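Sequential numbering from 1 applies to the sequence shown in the numbering used here.
Because the hints were derived from the structure by calculation, they are not lab data. Please note that a few of the clues may not be correct.
Distance windows between CB atoms, simulated [claimed, not checked]:
| # | residue 1 | residue 2 | range |
| --- | --- | --- | --- |
| 1 | 37 | 4 | 49 to 59 Å |
| 2 | 15 | 62 | 52 to 62 Å |
| 3 | 106 | 14 | 51 to 61 Å |
| 4 | 21 | 80 | 36 to 46 Å |
| 5 | 56 | 93 | 40 to 50 Å |
| 6 | 58 | 90 | 20 to 30 Å |
| 7 | 98 | 22 | 41 to 51 Å |
| 8 | 55 | 84 | 16 to 26 Å |
| 9 | 110 | 84 | 11 to 21 Å |
From a predicted model like this one, the values you see are computed outputs, not experimental measurements. Think of the CB as a built atom: it goes at the ideal place given N, C-alpha and C, for glycine as much as any other residue.
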Amino acid sequence: MNPINIAPLRERDITRHIAREYYKEFDALIESDIIIVGGGPSGLLCARDLAAIGFRTLLIEQSLALGGGFWSGGFLMNKATICEPADRILEELGIPFKPIKDCPGMTMVDPPHVT
1 MNPINIAPLR ERDITRHIAR EYYKEFDALI ESDIIIVGGG PSGLLCARDL AAIGFRTLLI
61 EQSLALGGGF WSGGFLMNKA TICEPADRIL EELGIPFKPI KDCPGMTMVD PPHVT
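Taking the hints into account, I'd like the entire structure generated from these sequences.
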């Protein structure tokens, strides 16, 4: 087997290059048009919709995961109601729901399906 020549490298040079690339990307993300505080269901949808129409959106969440209590079992009710036109998002995601007969414009969904 023939020896392979490897160019001499210094750790400080590698670290500088990694840091420069990171900060170049980070610098592009510093400016925001909108800051949303809270990454629960409403914050997530708000951030998604605003970003989709071109706003530079920053979402801040204090927990380790996005989704709020709704995703983690903190939502104690066994059913959730969704107002129109938000039910379109459920349709878009393939989440089963049903209209509430006595409440026009309202639908019912099981939280486990939403998660």
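Quick rundown of the hints versus the structure:
Restraint check, residue 37 to residue 4: a C-beta distance of roughly 53 Å satisfies the suggested window 49 to 59 Å. Separated by about 31 Å at the C-beta atoms, residue 15 and residue 62 break the suggested range of 52 to 62 Å. Checked against the hint of 51 to 61 Å, the C-beta distance between residue 106 and residue 14 comes to roughly 58 Å, which is consistent with it. Against the hinted window of 36 to 46 Å, the Cβ-Cβ separation of residue 21 and residue 80 comes to about 43 Å, which satisfies the hint.
At roughly 25 Å, the beta carbons of residue 56 and residue 93 sit outside the given window of 40 to 50 Å. Between residue 58 and residue 90, the C-beta spacing of about 26 Å keeps the proposed range 20 to 30 Å intact. Restraint check, residue 98 to residue 22: a C-beta distance of roughly 48 Å satisfies the suggested window 41 to 51 Å. Between residue 55 and residue 84 the C-beta distance comes to about 24 Å, which sits within the given range of 16 to 26 Å.
A C-beta distance of roughly 18 Å is found between residue 110 and residue 84, which places it inside the suggested range of 11 to 21 Å.
The earlier numbered hints that this structure contradicts are 2 and 5.
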